[in-house]
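Enquirer: The primary structure of each chain is shown beneath.
There are 2 protein chains.
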Amino acid sequence: MFKYRLLTPGPTPVPEDTLLELARPVPHHRTPEARQILAEVVSGLQYVFQTRNDVLPLTCSGTGAMEAALVHAAPRGAKAICLVAGKFGERWHKLWQAFGVESVAVTVPPGEVVTPEQLEQALRAHPDAVAVCAVHSETSTGVKHDLAALGALVARTEAVFIVDAVSSAGALELRMDDWHIDFLATGSQKALMLPPGLAFVAVSEKGWRAVNRHQPPVFYFDLRKAREKIRENDTPFTPAHTLLRALRKSLQRIRAEGIENIWQRHRRIAQACRAAVQALGLELFARVPAEGLTAVKVPAQVDGQELLRRLEKEYGVKLAGGQDQLKGKIFRIAHMGYIDFFDVLAAIAAIELVLRDMGFPVTLGAGLAAAQKSYASA
Amino acid sequence: MFKYRLLTPGPTPVPEDTLLELARPVPHHRTPEARQILAEVVSGLQYVFQTRNDVLPLTCSGTGAMEAALVHAAPRGAKAICLVAGKFGERWHKLWQAFGVESVAVTVPPGEVVTPEQLEQALRAHPDAVAVCAVHSETSTGVKHDLAALGALVARTEAVFIVDAVSSAGALELRMDDWHIDFLATGSQKALMLPPGLAFVAVSEKGWRAVNRHQPPVFYFDLRKAREKIRENDTPFTPAHTLLRALRKSLQRIRAEGIENIWQRHRRIAQACRAAVQALGLELFARVPAEGLTAVKVPAQVDGQELLRRLEKEYGVKLAGGQDQLKGKIFRIAHMGYIDFFDVLAAIAAIELVLRDMGFPVTLGAGLAAAQKSYASA
Numbered sequence: 001m002f003k004y005r006l007l008t009p010g011p012t013p014v015p016e017d018t019l020l021e022l023a024r025p026v027p028h029h030r031t032p033e034a035r036q037i038l039a040e041v042v043s044g045l046q047y048v049f050q051t052r053n054d055v056l057p058l059t060c061s062g063t064g065a066m067e068a069a070l071v072h073a074a075p076r077g078a079k080a081i082c083l084v085a086g087k088f089g090e091r092w093h094k095l096w097q098a099f100g101v102e103s104v105a106v107t108v109p110p111g112e113v114v115t116p117e118q119l120e121q122a123l124r125a126h127p128d129a130v131a132v133c134a135v136h137s138e139t140s141t142g143v144k145h146d147l148a149a150l151g152a153l154v155a156r157t158e159a160v161f162i163v164d165a166v167s168s169a170g171a172l173e174l175r176m177d178d179w180h181i182d183f184l185a186t187g188s189q190k191a192l193m194l195p196p197g198l199a200f201v202a203v204s205e206k207g208w209r210a211v212n213r214h215q216p217p218v219f220y221f222d223l224r225k226a227r228e229k230i231r232e233n234d235t236p237f238t239p240a241h242t243l244l245r246a247l248r249k250s251l252q253r254i255r256a257e258g259i260e261n262i263w264q265r266h267r268r269i270a271q272a273c274r275a276a277v278q279a280l281g282l283e284l285f286a287r288v289p290a291e292g293l294t295a296v297k298v299p300a301q302v303d304g305q306e307l308l309r310r311l312e313k314e315y316g317v318k319l320a321g322g323q324d325q326l327k328g329k330i331f332r333i334a335h336m337g338y339i340d341f342f343d344v345l346a347a348i349a350a351i352e353l354v355l356r357d358m359g360f361p362v363t364l365g366a367g368l369a370a371a372q373k374s375y376a377s378a
Numbered sequence: 001m002f003k004y005r006l007l008t009p010g011p012t013p014v015p016e017d018t019l020l021e022l023a024r025p026v027p028h029h030r031t032p033e034a035r036q037i038l039a040e041v042v043s044g045l046q047y048v049f050q051t052r053n054d055v056l057p058l059t060c061s062g063t064g065a066m067e068a069a070l071v072h073a074a075p076r077g078a079k080a081i082c083l084v085a086g087k088f089g090e091r092w093h094k095l096w097q098a099f100g101v102e103s104v105a106v107t108v109p110p111g112e113v114v115t116p117e118q119l120e121q122a123l124r125a126h127p128d129a130v131a132v133c134a135v136h137s138e139t140s141t142g143v144k145h146d147l148a149a150l151g152a153l154v155a156r157t158e159a160v161f162i163v164d165a166v167s168s169a170g171a172l173e174l175r176m177d178d179w180h181i182d183f184l185a186t187g188s189q190k191a192l193m194l195p196p197g198l199a200f201v202a203v204s205e206k207g208w209r210a211v212n213r214h215q216p217p218v219f220y221f222d223l224r225k226a227r228e229k230i231r232e233n234d235t236p237f238t239p240a241h242t243l244l245r246a247l248r249k250s251l252q253r254i255r256a257e258g259i260e261n262i263w264q265r266h267r268r269i270a271q272a273c274r275a276a277v278q279a280l281g282l283e284l285f286a287r288v289p290a291e292g293l294t295a296v297k298v299p300a301q302v303d304g305q306e307l308l309r310r311l312e313k314e315y316g317v318k319l320a321g322g323q324d325q326l327k328g329k330i331f332r333i334a335h336m337g338y339i340d341f342f343d344v345l346a347a348i349a350a351i352e353l354v355l356r357d358m359g360f361p362v363t364l365g366a367g368l369a370a371a372q373k374s375y376a377s378a
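From first to last, the protein sequence lines stand for chains H and A.
Letter 40 of the first sequence, counting from 1, is numbered 40 in my numbering, and no numbers are missing.
Letter 31 of the second sequence, counting from 1, is numbered 31 in my numbering, and no numbers are missing.
It is possible that part of the hints are untrue.
Remember, identical chains collapse to one label, so a pair may be satisfied in a single copy or spanning two.
Straight-line distance between alpha carbons at most 35 Å, and here's what the computed DSBU-like set of lysine-lysine pairs gives [as the list claims (entries may be wrong)]:
1) K225 - K79
2) K229 - K249
3) K318 - K87
4) K297 - K327
5) K225 - K206
Simulated from the structure, these hints should not be mistaken for lab results.
Chain H with its partners taken away, still in its complex shape:
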């Protein structure tokens, strides 16, 4: 018998009842039922984002949603600040450049976070910046930015605050309104427990004012048109409506558990995972770790890609490696969405076994015991 366990930071496993929902016959997408689904989905996402703002569903990946946010937030020729702590921060920096926005990158080495002090300095140096873009959970390195502190700084200025919440919404504490977030983007395939294909942008009143100052170069990603339509529980173009129907199920699940309980659950599992990793003599990669995944340094004497290969091939445990310059140097254990504590234990057990087989000294069970103790004491 061979059981496959997906513990990557997107895509993540989809609950079985949601999978069955995806197998239901395809209805039409302009019906009272479809409108009802859209209304429920929007209200559920407002709850997840802790916002009263409009939430706009888009049929695209998280990158598409971020593109929509960025091109609405800052016009060609404007200046913006981009907080870069990894691959995704870097992507948004490049995205702005592609659309003619002068993006000032505040870059920290992988594993570090951009601090509020660094942002304060950047805002002082660039008082003409009209937008600040931050990644909440930087999936490539596993770090978490302090959005509450960063948002408070941006709120004192005329600039809008744009947040990539792709691997954080539904996993990490996230309070769009309280934290002064003006554009929030996320995708379906992380803590929302769906396959990829849907993404969402929420926009604050301050955000809409920024949008209305220019003519964003958009058609498919026109958020104003999307807002007009969503207020009639509709979308401008054919949405991935069977995914929306399945999302309703995820959101019902989230409401039933309670978003604060979900954040707490992710904190608890993250702590247990970090305890396990350290008990095995491994080092955490993220200085300020996000609760949706744990990035771990590959020990010098271990081949990181071989480690991942063996975990998958021998034990069915699919983790993610490092990307680009971090390839072979870190591995990432996801624990967001439908990944629970026992799934993480399975991953820890497999890691112990494979590390031992690869000649790395481990005390079998040490990681498991540390996780268990941490989990029980939380």
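Following the hints, complete the assembly by docking chain A onto the known chain H.
Expert: Chain A alone, transformed into the frame defined by chain H:
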């Protein structure tokens, strides 16, 4: 018992085994298996489009794919010609305008098609046009453009030929290479028998030369990046990969039947449907009808929206009405993808019954008999 039958020109019904495919667990999207699926999907779509060109999968609706094609084909400030025979032609005209392209619309009244003569005239009047955009099957009115003739005209010029094949690919005869199509876009939710969420753009060598003449204002829809990646059986951003896996099933089904047989099947059902409608004393709306749907004029004494409402509520037959200015004036019976002859018979039977109930004089069975005779004689 109440059985629901979806006969709208998108979304269309999804075969049961494809639905089950959608309920399978979510795998990771950067694996040898995922690459294999992408390779098969691209090759299957090349077969459907009858092309040797690159086919690029995008996670978006058909409108997103058309946006990708249009902004790559003509730079800001350039002039393009748009053949407008309905809502979708109109949409692409507006799309170009949104991106600063001077779009010259060649417009015909709803139900008519733009003729090769009209295009020839437009090309003569606008020798500086760098692109021509046509809708193969104009879903809003049910007409079909003669792409072979239009493409031959564009091929004589430096302009590129862009085709919206959203409701035609996999239903109507379509030969990208032979017909000199440079950009071809389609979506997943029509004759490809999938839910919405995926779209595709294929680009010819002439098309790539046009792309390379400028810097298209794109990031998420960057077709050059998509081409680079697809040649490694990969995508630049997280794709809707469970839909891609399901698409493989649709494409296997299409290969097994044979694309020319599929075109023939659609022709035969379309003919039968038109025969039925006319036998009931109703008038066809499209001068040159596409084989994927039949647009029918609502008789003067009948309330078109009430007709549709009754069909759905009383008989579970979901047809589409007219859009915008055609609302209440036409109804549309789709017969593309996984809609077969007997499904169309069910729709005809329901139409007969509802028309009679609404006081429109029909000979019960006349439509059915005409369809049956047409079908048998084909």
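Enquirer: List, from low to high, the hint numbers that the structure doesn't satisfy.
Expert: Violated: none.
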